[in-house]
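Protein chains in written order, with the numbering used here: chain P, 1 to 370; chain L, 1 to 370.
Everything labelled a hint here was simulated from the structure, so no lab data went into it.
Incorrect hints may have been included.
A pair counts as met if it fits within one copy or between any two copies, since identical chains are not told apart.
What the hints assert, rightly or not - As a list, the in silico DSSO-like pairs of lysine-lysine whose alpha-carbon atoms are at most 27 angstroms apart: (1) K88 <-> K329; (2) K358 <-> K161; (3) K249 <-> K342; (4) K338 <-> K358; (5) K195 <-> K152; (6) K125 <-> K36; (7) K342 <-> K329; (8) K344 <-> K329; (9) K104 <-> K33; (10) K304 <-> K344; (11) K187 <-> K67; (12) K358 <-> K137; (13) K344 <-> K358; (14) K279 <-> K329; (15) K342 <-> K358; (16) K348 <-> K126; (17) K187 <-> K263; (18) K267 <-> K88; (19) K88 <-> K153; (20) K249 <-> K2; (21) K338 <-> K304; (22) K344 <-> K88; (23) K329 <-> K304; (24) K60 <-> K33; (25) K141 <-> K358.
2 protein chains.
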Amino acid sequence: MKDLDFMARAIELAARGRLKVQPNPMVGCVIVKNNKIIGEGWHKEYGKEHAEINAINNCKKNFGAKKALKLIAGSTVYVNLEPCSIEKNTPPCSNALIKYQIKKLFCGTLDPNPKINGRGITQLKKAGIKISVGLLKNECKELNRIFFTNQKKFRPYIILKSAQSLDGKIALNNGESNWISNPESRKDSHHIRSKVKGILIGRNTAELDNPSLTVRLTKNELGLGKGETIQQPVKIILGNLERSKKVSKIFAGNSKVIVGSAKLSKKSKNIEYLKYEQKNFLKEFLQDLLDRNISSILVEGGQKTLNAFLVNNLFDELVLYTAPMFLGKESQDAISVKAPDKIKTSVKLKMMRVERFKDDVKTTYYNKDI
Amino acid sequence: MKDLDFMARAIELAARGRLKVQPNPMVGCVIVKNNKIIGEGWHKEYGKEHAEINAINNCKKNFGAKKALKLIAGSTVYVNLEPCSIEKNTPPCSNALIKYQIKKLFCGTLDPNPKINGRGITQLKKAGIKISVGLLKNECKELNRIFFTNQKKFRPYIILKSAQSLDGKIALNNGESNWISNPESRKDSHHIRSKVKGILIGRNTAELDNPSLTVRLTKNELGLGKGETIQQPVKIILGNLERSKKVSKIFAGNSKVIVGSAKLSKKSKNIEYLKYEQKNFLKEFLQDLLDRNISSILVEGGQKTLNAFLVNNLFDELVLYTAPMFLGKESQDAISVKAPDKIKTSVKLKMMRVERFKDDVKTTYYNKDI
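Pulled out of the complex, with its shape left as it was, chain P reads as follows:
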């Protein structure tokens, strides 16, 4: 096995925390002695032990505490993200690595958090540990796209989702927009919901569609074990939405609802109203969401809401489900931004994935601006 293989294993382990660690990053750690893995671990859940500590504990479990101490001393450690050097919910991991006298550390990327960025590394270097930064850097960044966005842009990671016809329409002129995409596409969109901390829609869509905004998949479909529960995302409304019969489903159940608007309404159980003075409060609202640990959101529409995010360049990912139909020139555009002067100067995205759901096509694009 080579250094690359051990780092790839660390990334693989890290990804196991995908559904539970937000707003923390996913981190995996592999401890190697004489070219053999003697311990490995990953950050399993927000607030619980970090990957490095779990890997050390795994080594103790494998060899007994006494032998583990001897083995870890002089070992090489592979971790996809810089070990933390500050205490938050748990003691800093850099301390542990020094205490256990590891010899060398491979770390995929520095922590983008300005409070840490390089500080953990400096501390370890001072303690005489050899450091290599950047192995599988791109893969490590891709893994923690959400975390990197949070840290660098001070807002949640934003996925815009739209279902459109071949002629780029999201709804008929009378507002009808149901059943553009097929059941397979809609099921897939619930998988996206399951991976975010919040689902955002505009007030109009809330009143028009009365959606539930819940993840409607079985534990089996989500790959969850017996003891695990489905984490429902927070429901987020842009615009002044009052509780009423028309929007009964959003306020049903115990899920948290956050409403951001220029008005202040009466707070009630599970519902938080955020009031903003200025007209364009989107950026401030997003920062407030991140402050509430909502590190990723899925924006599901409608047209006005999606375009507000697009024209302000407030998005990291665009997911389009394209249905094989024409909705015609009188219908509503799914995406409606201002035209560029030249094709060369138009906003361009990066194509990431194409998937097919029967006759629908799902395309996933990244904003190049990350």
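Chain P is fixed; fit chain L onto it per the hints.
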């Protein structure tokens, strides 16, 4: 080997004629005795021998003329399309099968040509040959989609092609439309050009873009051998286009040009003008193209031309190259049909293929109406 396998082989052989047999169908033929293939052949080029004759000749080559006679007598023959029963460029194949005393014939589909449809089969039955029609029927129909369309709709097989942005735009408001799709997509579109008999564009596009409308691929890229030449499609213009400096490239070289319009212009070498009295002459024009052996056309735009085909339901295939950019609400729609009353009643297509060319996505749809 089973009957299915022999028919699959016949289809495989038939497909080898793809670039050269139009307006004829692709046909492959396999002759089997005691569960072994004793001869096989395919229709190689328009005007040349049919598949059945080539298979018989192949058997003669394999075993010598005398032994071949004995072997073919009592054999089973697999052919994807009903053997012809009329003389056109070559004698009817049904006569040969009777003369060589085959025992059984598997034929994938009947010939859709009203002059043949079932007549070949009736003739063979009368001669005592056992007949089975319909083995791998769908595959056989798919193979000869062009031929079936020609025979049933009395017009060329029509492929509409468009390059559009994520918001469904084909050009800026000033008409700029170059470089929406990337070089890989444009190269792929030349492969489509190489498979059709004609490329059609509207007069506006001809004058605006001054395109060459040629297949610009090497013989190697087209899979052509040393002795073979690239067949350039006929250039077809919808609307009154006069020869001028502005459209120099279309009239360059020796390729045939056909112009269909309400006016009659002076005929010159390689240029044919077709004049129509009525305003909407598209259907009549298409029939005239088929009469000139143009069995398939690629419609490349612009917007008005594509929409004329769409709204008249005159298309069999839609190819969309979608580029990862926004061209904005002020730009020109790629597809602009009338909106349906309800989403349920909208025109729906059948998704056939998704391909990726770097950041572009190519989607191929069939008209369900076939």
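To see whether the hints hold, each was checked on the structure:
1. K88 <-> K329: neither (55 angstroms within a copy, 48 angstroms between copies)
2. K358 <-> K161: Answer is both; intra-copy 19 angstroms and inter-copy 22 angstroms each pass.
3. K249 <-> K342: between (45 angstroms within a copy, 25 angstroms between copies)
4. K338 <-> K358: Between copies only: 26 angstroms across, 33 angstroms inside.
5. K195 <-> K152: within (20 angstroms within a copy, 50 angstroms between copies)
6. K125 <-> K36: So K125 and K36 pass the 27 angstroms test inside one copy only (24 angstroms; across, 75 angstroms).
7. K342 <-> K329: both (23 angstroms within a copy, 14 angstroms between copies)
8. K344 <-> K329: both (26 angstroms within a copy, 17 angstroms between copies)
9. K104 <-> K33: The answer is within: 11 angstroms in one copy meets 27 angstroms, while 72 angstroms across copies does not.
10. K304 <-> K344: Both: 26 angstroms inside a chain and 24 angstroms across chains, each within 27 angstroms.
11. K187 <-> K67: neither (49 angstroms within a copy, 63 angstroms between copies)
12. K358 <-> K137: For K358 and K137, only the inter-copy Cα distance (22 angstroms) is at most 27 angstroms; the intra-copy one is 36 angstroms.
13. K344 <-> K358: For K344 and K358, only the inter-copy Cα distance (17 angstroms) is at most 27 angstroms; the intra-copy one is 34 angstroms.
14. K279 <-> K329: between (31 angstroms within a copy, 23 angstroms between copies)
15. K342 <-> K358: between (36 angstroms within a copy, 22 angstroms between copies)
16. K348 <-> K126: Classified as neither: same-chain Cα gap 44 angstroms, cross-chain 66 angstroms, threshold 27 angstroms.
17. K187 <-> K263: neither (35 angstroms within a copy, 55 angstroms between copies)
18. K267 <-> K88: Cα proximity of K267 and K88: none, with 30 angstroms in one copy and 85 angstroms across.
19. K88 <-> K153: Classified as within; 21 angstroms inside a copy, 73 angstroms across copies.
20. K249 <-> K2: For K249 and K2, neither the intra-copy (53 angstroms) nor the inter-copy (58 angstroms) Cα distance is at most 27 angstroms.
21. K338 <-> K304: For K338 and K304, the Cα distance is within 27 angstroms both inside one copy (13 angstroms) and across copies (23 angstroms).
22. K344 <-> K88: neither (47 angstroms within a copy, 54 angstroms between copies)
23. K329 <-> K304: both (18 angstroms within a copy, 13 angstroms between copies)
24. K60 <-> K33: within (14 angstroms within a copy, 72 angstroms between copies)
25. K141 <-> K358: between (32 angstroms within a copy, 21 angstroms between copies)
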